[in-house]
Amino acid sequence: MCDEFCQNQFTMKINCIVIDPNAIQRINTISKINSNNFLRFTHEFGSCTSALSYLKENITDLIFLEIDSPDLNGFEFLDLIKTNLKKMPKVIITSKNIGHAFRSFRYDVVDFLAKPLNDSLFEGAIKKVVKTSTQYSRDLELDAQHIFVKSNLKKRKVYTKDIKWIEALGDYVKLITNSGSYVILSTMKAFENELPSNKFLRIHKSYIVNLKKVERYNSKFVEIENTQIPLSRNKKTILSKALEVIS
46 MCDEFCQNQF
56 TMKINCIVID
66 PNAIQRINTI
76 SKINSNNFLR
86 FTHEFGSCTS
96 ALSYLKENIT
106 DLIFLEIDSP
116 DLNGFEFLDL
126 IKTNLKKMPK
136 VIITSKNIGH
146 AFRSFRYDVV
156 DFLAKPLNDS
166 LFEGAIKKVV
176 KTSTQYSRDL
186 ELDAQHIFVK
196 SNLKKRKVYT
206 KDIKWIEALG
216 DYVKLITNSG
226 SYVILSTMKA
236 FENELPSNKF
246 LRIHKSYIVN
256 LKKVERYNSK
266 FVEIENTQIP
276 LSRNKKTILS
286 KALEVIS
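In the numbering used here, the protein residues as written are 46 to 292.
Honestly, the hints are just simulated from the structure, not real lab data. Nothing here was measured: the structure is a model prediction, and the numbers come from that model. Check before you lean on any hint, since a few could be wrong.
What follows is a set of in silico ranges between Cβ atoms, one per label pair, in the way DEER data are often shown [to be verified]:
#: 1; residue 1: LYS286; residue 2: THR128; range: 40 to 50 Å
#: 2; residue 1: LYS132; residue 2: ASP164; range: 23 to 33 Å
#: 3; residue 1: THR87; residue 2: ALA159; range: 53 to 63 Å
#: 4; residue 1: SER242; residue 2: LYS176; range: 19 to 29 Å
#: 5; residue 1: LYS176; residue 2: LYS286; range: 21 to 31 Å
#: 6; residue 1: ASP153; residue 2: GLY225; range: 32 to 42 Å
#: 7; residue 1: LYS265; residue 2: LYS131; range: 27 to 37 Å
#: 8; residue 1: VAL228; residue 2: ASN79; range: 52 to 62 Å
Heads up, the beta-carbon is just placed ideally off N, CA and C, and yes, glycines get one too.
The whole structure should be built from the sequences, with the hints applied where relevant.
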């Protein structure tokens, strides 16, 4: 099974289908899927053509694909789904013909597993899928992070990924975002506490920057979209370390 990292970071089931013209080999693959805590078997197909019809109507996360299919071979199938599906599933290729391995990876598949399937290699391939899915889920979560701000008597939802920087204006702060700027009644300290600390840094008593937006910096300034933002002398080292972590 996947290691402790996977267990701690991933709880969703990965929906799988199996495409293989050999019924006995389909049963073998399905058995391994059903023995894995992270996978959910949903459907099996004896040909790529029948699977193609299914995928046009149903979303799946992972395909176990035998390349040598009698009607439509696996590579032709991958070309078709890449251009016809809104979301490309992850693919693990299974085949007795190891000569397909090199070409398989040109299709950006997760892994190539030679038949008969080895338990250890199977689990290793699933680990790759789980870790990739975990990162994708994290990215979606980060993209969805937001705060509500009150400006001009209206509350607005602002996604933190869209914030470029914040600057102090007396009893107010000015929030500069991708879509415009807002003046908000708040102290810098109070506003700083609303932001994810691993994504934003106060680089000056009057400025907080989104670390992802920083394009370059020197000992005096941080530059975001051709705007120079003052950098306190004692913040340069902290900024350098923060940018290393976030890149």
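Evaluation of the provided hints:
| no. | hint | in the structure |
| --- | --- | --- |
| 1 | LYS286 <-> THR128: 40 to 50 Å | holds, 44 Å |
| 2 | LYS132 <-> ASP164: 23 to 33 Å | holds, 29 Å |
| 3 | THR87 <-> ALA159: 53 to 63 Å | violated, 25 Å |
| 4 | SER242 <-> LYS176: 19 to 29 Å | holds, 25 Å |
| 5 | LYS176 <-> LYS286: 21 to 31 Å | holds, 26 Å |
| 6 | ASP153 <-> GLY225: 32 to 42 Å | holds, 38 Å |
| 7 | LYS265 <-> LYS131: 27 to 37 Å | violated, 48 Å |
| 8 | VAL228 <-> ASN79: 52 to 62 Å | holds, 58 Å |
Checked against the numbered hints given earlier, the structure breaks hints 3, 7 and satisfies all the rest.
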